[in-house]
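Number of protein chains: 2
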Amino acid sequence: MSFTESDRMHGVSGSIIRELFKMTASPDMISFAGGNPSPDTFPMDEIAAIANDALLHRGTSMLQYGFTEGFPPLRETLKSYYQKKHGFPTENDDLITCSGGQQAADLTAKVLLNEGDVALCEELSFVGVLNTFRAYGAKLVGVRMEPDGMNIEDLEAKIKANPRAKLIYIIPNFQNPTGFTTSEAKRKAIYALAQRYDLMILEDDPYGELRYEGEFLTPIKSMDTDGRVIYGGSFSKTMAPALRVGFIVAEKNLMKRLIVAKQTGDVHTATLTQEICYRYMAEHDFEGHLRDIRRIYAVKCKRMLDDMEQKFSPAITFNRPQGGLFVTAFLPEGMDAWSFVQEGIARKVATVPGVAFVMDQSVPSNAFRMNFSMPSLDQIDQGTDILGKLTYEWCK
Amino acid sequence: MSFTESDRMHGVSGSIIRELFKMTASPDMISFAGGNPSPDTFPMDEIAAIANDALLHRGTSMLQYGFTEGFPPLRETLKSYYQKKHGFPTENDDLITCSGGQQAADLTAKVLLNEGDVALCEELSFVGVLNTFRAYGAKLVGVRMEPDGMNIEDLEAKIKANPRAKLIYIIPNFQNPTGFTTSEAKRKAIYALAQRYDLMILEDDPYGELRYEGEFLTPIKSMDTDGRVIYGGSFSKTMAPALRVGFIVAEKNLMKRLIVAKQTGDVHTATLTQEICYRYMAEHDFEGHLRDIRRIYAVKCKRMLDDMEQKFSPAITFNRPQGGLFVTAFLPEGMDAWSFVQEGIARKVATVPGVAFVMDQSVPSNAFRMNFSMPSLDQIDQGTDILGKLTYEWCK
Chain A
1 MSFTESDRMH
11 GVSGSIIREL
21 FKMTASPDMI
31 SFAGGNPSPD
41 TFPMDEIAAI
51 ANDALLHRGT
61 SMLQYGFTEG
71 FPPLRETLKS
81 YYQKKHGFPT
91 ENDDLITCSG
101 GQQAADLTAK
111 VLLNEGDVAL
121 CEELSFVGVL
131 NTFRAYGAKL
141 VGVRMEPDGM
151 NIEDLEAKIK
161 ANPRAKLIYI
171 IPNFQNPTGF
181 TTSEAKRKAI
191 YALAQRYDLM
201 ILEDDPYGEL
211 RYEGEFLTPI
221 KSMDTDGRVI
231 YGGSFSKTMA
241 PALRVGFIVA
251 EKNLMKRLIV
261 AKQTGDVHTA
271 TLTQEICYRY
281 MAEHDFEGHL
291 RDIRRIYAVK
301 CKRMLDDMEQ
311 KFSPAITFNR
321 PQGGLFVTAF
331 LPEGMDAWSF
341 VQEGIARKVA
351 TVPGVAFVMD
361 QSVPSNAFRM
371 NFSMPSLDQI
381 DQGTDILGKL
391 TYEWCK
Chain B
1 MSFTESDRMH
11 GVSGSIIREL
21 FKMTASPDMI
31 SFAGGNPSPD
41 TFPMDEIAAI
51 ANDALLHRGT
61 SMLQYGFTEG
71 FPPLRETLKS
81 YYQKKHGFPT
91 ENDDLITCSG
101 GQQAADLTAK
111 VLLNEGDVAL
121 CEELSFVGVL
131 NTFRAYGAKL
141 VGVRMEPDGM
151 NIEDLEAKIK
161 ANPRAKLIYI
171 IPNFQNPTGF
181 TTSEAKRKAI
191 YALAQRYDLM
201 ILEDDPYGEL
211 RYEGEFLTPI
221 KSMDTDGRVI
231 YGGSFSKTMA
241 PALRVGFIVA
251 EKNLMKRLIV
261 AKQTGDVHTA
271 TLTQEICYRY
281 MAEHDFEGHL
291 RDIRRIYAVK
301 CKRMLDDMEQ
311 KFSPAITFNR
321 PQGGLFVTAF
331 LPEGMDAWSF
341 VQEGIARKVA
351 TVPGVAFVMD
361 QSVPSNAFRM
371 NFSMPSLDQI
381 DQGTDILGKL
391 TYEWCK
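These protein sequence lines are chains A and B, in that order. Going by the numbering used here, the first residue of the first sequence is number 1, and it counts up by one from there. Going by the numbering used here, the first residue of the second sequence is number 1, and it counts up by one from there.
Isolated chain A (complex conformation) (with noise of 0.2 angstroms):
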């Protein structure tokens, strides 16, 4: 027999960057293609340490059915360090763990959209998110990106012509994948538009803390006076990925379907991996750690940046990103860069398409994704003496 998929679930597909691993898994690949924070940023003596604790003195609570709305410490202690850091949660809001930052955007998806209710999406975006928002059968709409953030009249003109608008989707820092950062200006501009035409934001902060140059700007979620905002953060890039523990803020009405939602979906996230993010916060030099985290990669940053501004074709255009662990490059308009990555990929240096994280996956994008948070400083220079070139062959 064959099954009957769900209406929603309909052309849903994985990753392509998945499929995309399969390809570049011989082990004398560059691999930019990656989204991986580097192990090297891990506190895994900590976390072991706090872990053998927690379990030797604290078994009983760190195994036993928890709550919904998360590992209460980590909440207080997650709680007092926005309120200090960014002003919220404030006093209309409530503050929950969820099983890492993806979860963030499942559970508003689930709350919010209809099926057919269209989602306001960067173009480019994060797939993860895209078919999150897919798997609920919302529209995906895309506004046209800048290296400022979305292009603010784009961005009306699209929610005009669709009436059906319910969310706009944002990475407000350091975008994946474009590394695009989202000014203050614009932030204000794209929050007065979801109050004007009455939309909620979804913004989804994972690489906030990974600034390596310039000032911290401030949250949508700070200048959220009628709780339209939903914050989602991540300890993925702050901590490690495998924890599988994010928190979402949002206004505390919303908040109560949001942990409706969670509770039919995995009724709550581990404790050990909540008891460790809490206690290495608590515990040990949390904001110190972030420094470590930000000094490994702007190494990085820098050396990728200044490779591409070397050796790639001038026919190249890119913005130089001051955090995060992406950089996106275009050809030049008109191309397509999926070619490009495959004749990157024969030569051994994988990058991603940016067909991977558009919204209309039968238009061709010019666009690829580089990552370098995982290669060596090494990997980054080999990787981009066999890209630059290719960008020279590529722009005759």
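Bear in mind the hints are in silico, worked out from the structure with no lab data behind them. Hints should not be assumed to be uniformly reliable.
[As the list claims (entries may be wrong)] The calculated DSS-like cross-link candidates involving lysine-lysine, where the alpha carbons are at most 30 angstroms apart (straight line), are:
(1) K160(B) / K302(B)
(2) K139(B) / K252(A)
(3) K139(A) / K389(B)
(4) K389(B) / K311(B)
(5) K252(A) / K188(A)
(6) K256(A) / K139(B)
(7) K302(B) / K139(A)
(8) K186(A) / K160(A)
(9) K139(A) / K252(B)
(10) K252(A) / K85(A)
(11) K252(B) / K139(B)
Place chain B on chain A using the hints.
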């Protein structure tokens, strides 16, 4: 502002049991209301040792992003275990891990159920999964439950009456809340009806290992020649619930879609907690551990049932479960157990009213659920003293 919720979430409320817990939090309350496994069954020292060793010696692989399908050594171990025990997964099936047994239901509903599709459920059934189905906009239709499983005539009648019937949901062993186990004859009959009317089956088996008397029965999945049964398992009762590790066995093509749904939901389950389950199964005496758990619960189960037989009014009916964590008792037909339960709580013994487990919460239920895994033998004696008197007052 107030947000507009998705249609699918309308009317999905949090678990009544959760609300009840707030009423029963006083320290002098004897609680038969919980559903937690006893912490005496958690292999705490072994878990601490595994976690510490894994993080110290395999840190990177414990902390870096893992596969959506699950941690490979755990998947392989589970495949061997269940192939030996139950003959699945077959070559047509695959097995993945997931974030607790609850997520097996969540992914199943996401991939299979359109809004308005009908899930046929045991009346009474586990509220957590009923809410999962509700949260995808499915319609729940209850099938009359008997001590040996669903009434087969009623199941067929309900299938015929509901052209959009899509899924049969069954907890085959020591069902929550009733404690009933579906007989082998009825398992075959349910599978035959699923074949005749082309329905899928979700076989949710968190209690299968917890048999204290009688013979282990064959899962429906073992009879599944055409890939219509999704089998969900869990480590919540055999290791510890807060690890949040479960697993799913399903036909390969369906599994591909469940994997995509999981990828959009939480990317993957925490690796450390999967490693704990894997190494406990591989390096410790898992079968011996299961025997220990059964020994602990068998005593409590027998005490609860003997006490009830001895102390409850003969007007109260119940069946002796041969395993699991629960027994449900029934007041005489037509009585509403909710006021009985409230009076019990006033006298400091908490149980859960049947209304928490019904399809239509506006219809009263004469059932109340009692848990025997958490209370001590003394608490079982004291609590049944009080409830026993109450049954005589109630059924004068």
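### Indices of hints not satisfied (ascending)
Numbers 1, 3, 7, in rising order.
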